[in-house]
Amino acid sequence: MSNYQIITTDVLVVGAGLAGERAAIEAATHGLDCIILSLIPPRRSHSTAAQGGMQAALGNCAMGKGDSPDVHFVDTVKGSDWGCDQDVARLFVENAPIAVRQMAYWGVPWNRVVAGKKKLPDGREIEDTKDKEGLITARDFGGTAKWRTCYTSDGTGHTLQYAMDSIVVKLGITVHDRTEAIALIHDGTTCLGVVARCLRTGELRIYLAKSTVIATGGYGRLYGASTNAVINEGSGMFIALETGIVPLGNMEAVQFHPTGMVPVWILITEGARGDGGYLLDKNLHRFMPDYEPVKKELASRDVVARRMMLHIRKGYGVDSPYGPHLWLDIRHLGAKHINTNLREIANICRNFNGIDPVKDLIPVRPTQHYSMGGVRTNIDGAAYGLKGLFAVGEAACWDLHGFNRLGGNSLAETIVSGMVVGKKIAQYTLGATLNYNYSLVQDFARQQQERINNLIQGKNGRENVYKIRKEMEQTLMDYVGIFRNGPDLEKAVAKLQELYHRSLKIGLKSDGKWANPELASALRMPGMLKLALCIAYGALKRTESRGSHYREDYPARDDTNWLKRTLAYWKPGSDLPELDYEPVKITELPPGDRGYGESTQVKK
Amino acid sequence: MSRQLTFSIFRYNPNNPDVPPRMQEYKLTETVGMTIFVALNQIREEQDPSLMFDFVCRAAICGSCAMIINGRPRLACKTLTKDLPDKITLLPLPVFKLIGDLSVDTGTWFRHMTLKTESWIHTGKQFDPQAIEERMDNETALQIYEAERCIECGCCIAGCATANIREDFLGAAGINRVARFMVDPRDERTPAQYFEVIGCDEGAFGCMGLMACDDNCPMQLPLQMQLAYVRRKMALAGLKAGR
Ligand SMILES: Cc1cc2nc3c(=O)[nH]c(=O)nc-3n(C[C@H](O)[C@H](O)[C@H](O)COP(=O)(O)OP(=O)(O)OC[C@H]3O[C@@H](n4cnc5c(N)ncnc54)[C@H](O)[C@@H]3O)c2cc1C
Ligand code: FES
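Protein sequence lines, in the order shown, are assigned to chains U and A.
Numbering follows this note's numbering, in which position 72 of the first sequence is assigned residue number 72; successive positions increment by one, without gaps.
Here this note's numbering = 1-based position in the second sequence + 604.
To be clear, the hints were calculated from the coordinates, so they are not data collected in a lab.
Every value quoted in this text rests on a predicted model; they were computed, and no experiment measured them.
Possibly wrong hints are sitting among the right ones.
What the hints assert, rightly or not - Here are the computed lysine-lysine pairs in the DSS-like style, where the Cα-Cα straight-line distance is at most 27 Å:
id, chain 1, residue 1, chain 2, residue 2
1, U, LYS470, A, LYS720
2, U, LYS513, A, LYS686
3, U, LYS424, U, LYS459
4, U, LYS509, A, LYS631
5, A, LYS686, A, LYS631
6, U, LYS571, U, LYS491
7, A, LYS686, U, LYS170
8, U, LYS541, U, LYS585
9, A, LYS682, U, LYS359
10, A, LYS701, U, LYS336
11, U, LYS359, U, LYS295
12, A, LYS701, U, LYS467
13, U, LYS513, A, LYS837
14, U, LYS470, U, LYS513
15, U, LYS170, A, LYS631
16, U, LYS295, U, LYS314
17, U, LYS423, U, LYS467
18, A, LYS631, U, LYS467
19, U, LYS359, A, LYS720
20, U, LYS296, U, LYS118
21, U, LYS423, U, LYS470
22, U, LYS495, U, LYS509
23, A, LYS631, U, LYS470
24, U, LYS495, U, LYS470
25, U, LYS424, U, LYS564
26, U, LYS65, U, LYS130
27, A, LYS837, A, LYS729
28, A, LYS729, U, LYS130
29, U, LYS423, A, LYS729
30, U, LYS296, U, LYS282
31, A, LYS682, U, LYS470
32, U, LYS170, A, LYS729
33, U, LYS467, U, LYS424
34, U, LYS541, U, LYS509
35, U, LYS387, U, LYS130
36, U, LYS170, A, LYS720
Claimed, not checked - Sample of chain U residues at the chain A side, in silico, Cβ under 10 Å:
id, residue
37, ALA49
38, ASN95
39, ARG112
40, LEU135
From the three backbone atoms N, C-alpha and C, an ideal C-beta is built for every residue, glycine too.
Could you put the whole structure together from the sequences, leaning on the hints where they help?
Structure, rendered in structure tokens:
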């Protein structure tokens, strides 16, 4: 049997979104050799799609006065429903302002404070003062006590990713795009790199590194209706899980965004509500103030999403061929505001729905949006279980977000963790050596080659990858959504186990040669089902409601029994994850009332 | 009631040169709100799983899915089939290296362009993590963002006569990129330095003025205006340098 090409480097970063690129920049500035792998050119990463903004307590704008890392900390911990590690949250809030300013230095054209009096959509008068003019301004986002979300019109992710990537290019960091990591290489104690498949030619390659960083983003596409890019399939998470040694944290914590546009599930940013948009039901009644008199549409995401579903369940949804939905109304903001500050939203409405939000209502429903769970790491970003393995960004469970992430905290996390963890990676790597056994390393690639050959030859069976996938998407939508309960979750687990077994019997319809896309999907399918099982099984076992995880049969948060994080391991040969638990780190803020929205639980 | 659509799709895999390029037909029943994204996925999942094409965001913000749709470079994800006739022809973008079928290598092209135009802020200042940010006029910030909205989809390049014959031409995307840094006060490059980069036939002077770029830009960037702006600056810089 032939041997595979080996490429070695100091730091191997899998994923070229904001988190991966920021970590690579940090490693490179410490003089380390670095290679980034990505499915696609870096600038097409999902980070580019973020519109709304990035949280950092700068306190420059009128409504941000008095903001500080302390206030940001409290919001983040409350937002997480006390599910986050507070030492991580503290580190994060202290560094977020530096991250935002560094991005300005690298070229992000943040919107700036303009002095003068303004009238808010709700009638309040505010005044931005001369002394702050020209500093970075912020907008309102859900679940924050102050206006803290820094933005560039509604292209925040785009400008951040382009500025970040420009530094990657400037530093001459090697990027291998159209390359997919399909397995981690390790010797049981240390991670040595990855086996990757070239998406231009289909060939397998071995990448070896002193440290390997998983920065592959979220797994939104496990769900049938998701705001995520179509490449967000969680592959970084499942290749870590498949080592059998590295656990995933809190996989049952899945965020649904209140406003996915029906029926294409493209996100209408929270900025729309932040700027004064509101939700209407089929009677054109603005219902959020009935449930959340103070925060209204800007209660925390999980809260708004649940209130919307509840309202739909009560029969106030607008019927459509795609199921009932609600309306988002931004018409009162006026053509000028909509066509400049909310231009991307306006374009999305026009291009994908044929409606004009200046005159028309936007059909919306809560949609899968973000994965709080991921590769469990410590505060230094080091993955549990394997030395030399790190994770950052949405792929990681660092754990800043606990059971609910606040809007704007994810872009901030990608960059802050890239910066802070990047430094730790550099320190580790500078003291590490790369020792590997040649035949062990080659064996990892051979195993993958064997999987590929079996798929092509139909050795294991004739199951159709796309059919299995559709059934998985539907199972998660139906039984592991916003409202969860024991019987449904049991159904989901059983169905997903069946699908998992079927996924081991996939056979290709096409020849599977070169960069064949059916082969790529078939290779991912069992791993995606493992993730789906971690989500469903973790949700079944967690008999309480916390943040985005809401159990109808256990509607209250249960701090006595569940102030802890789920760790999911996948033992070889098994068809269900093994769950373990660890306490959540509380350093400053003991569990209490979230203080906005849902201080009384959802009533049915 | 629903229309029967016929898709005529370019097929070729450069890894397998023995099979010559060809057009292959697929039939589909049109559904409400169908985009080329929806249609191509349906074809792949139900009829031909070997078909290669690229989508990432499916929301017209990442620039992955540009292709020639009935003769014009467009983003496939935001092209509704209802705006097209029954027969839809799909070809890969020209100029860029073909990966297979409808998939082309825009990544390599744009990285080269970024390097060539040195698309990063050139400044002698050091970043001070302790200091507050430098001030900027909000109007200026908005102006920079206007020029930065390019999503590197390649539509302007594919539709450009010069780019189709001159391999090194930076095209409207490249010129727009330079304009983005020219309007940015943080960038300390002088007009003469910019001239080095694009004051040539591969840059601002290669354009033949057919303006297909402007018509084809899915982001509706004012590419024509940007070219005029850069040319004016370059002409001035060229004059000064000549003296
Ligand atoms: C529509 C939308 C809007 C959002 N808006 C906001 C917002 O306004 N504010 C906010 O804070 N957050 C927002 N978020 C969340 C935020 O954008 C993401 O969580 C964040 O950008 C993730 O960044 P990342 O670097 O972790 O991963 P990504 O940007 O997703 O990058 C993942 C990278 O990994 C690569 N990759 C994946 N798998 C592999 C593999 N197997 N091998 C090699 N490479 C691989 C991909 O090519 C890609 O480069 C939004 C999310 C969505 C869906
Ligand atoms: S898929 Fe992103 S622009 Fe079309």
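Going straight from one Cα to the other, do U/LYS65 and U/LYS130 come out at no more than 27 Å? It holds: about 14 Å lies between the C-alpha atoms, which stays within 27 Å.
When you check the alpha-carbon spacing of U/LYS513 and A/LYS837, does it fall within 27 Å? Given pair U/LYS513, A/LYS837 is violated - Cα atoms ~51 Å apart, limit 27 Å.
Within a Cα-Cα threshold of 27 Å, do U/LYS359 and A/LYS720 meet the stated pairing? Given that 27 Å is the threshold and the Cα spacing comes to 44 Å, the pair is violated.
Just to be careful, I want the Cα atoms of U/LYS387 and U/LYS130 compared with a cutoff of 27 Å; is the pair within it? violated, 52 Å
Assess, step by step, whether the Cα of U/LYS423 is no farther than 27 Å from the Cα of A/LYS729, and give holds or violated. holds, 22 Å
Quick one, are A/LYS682 and U/LYS359 close enough, alpha carbons at most 27 Å? Measuring from Cα to Cα gives roughly 21 Å; hence the hint holds.
Does A/LYS729 sit within 27 Å of U/LYS170, going by the straight-line distance between their CA atoms? Distance of about 16 Å is within 27 Å: holds.
Proposed proximity, A/LYS631 with U/LYS509 (alpha carbon, max 27 Å): holds, 19 Å
Can you confirm whether the C-alpha distance between A/LYS631 and U/LYS470 stays at or below 27 Å? At roughly 22 Å apart (the allowed maximum being 27 Å), U/LYS470 and A/LYS631 satisfy the hint.
Less than 10 Å between beta-carbons is the criterion; does U/ASN95 satisfy it with respect to chain A? It holds, given that the least Cβ distance between U/ASN95 and chain A is near 9 Å, below 10 Å.
Would you mind confirming whether the straight-line C-alpha gap from U/LYS424 to U/LYS459 stays at or under 27 Å? violated, 45 Å
Holds or violated: U/LYS423 with U/LYS470, Cα cutoff 27 Å? violated, 41 Å
Violation of the numbered hints given earlier is confined to hints 1, 2, 3, 7, 10, 12, 13, 15, 17, 19, 21, 33, 34 and 35; the remaining hints are satisfied by the structure.
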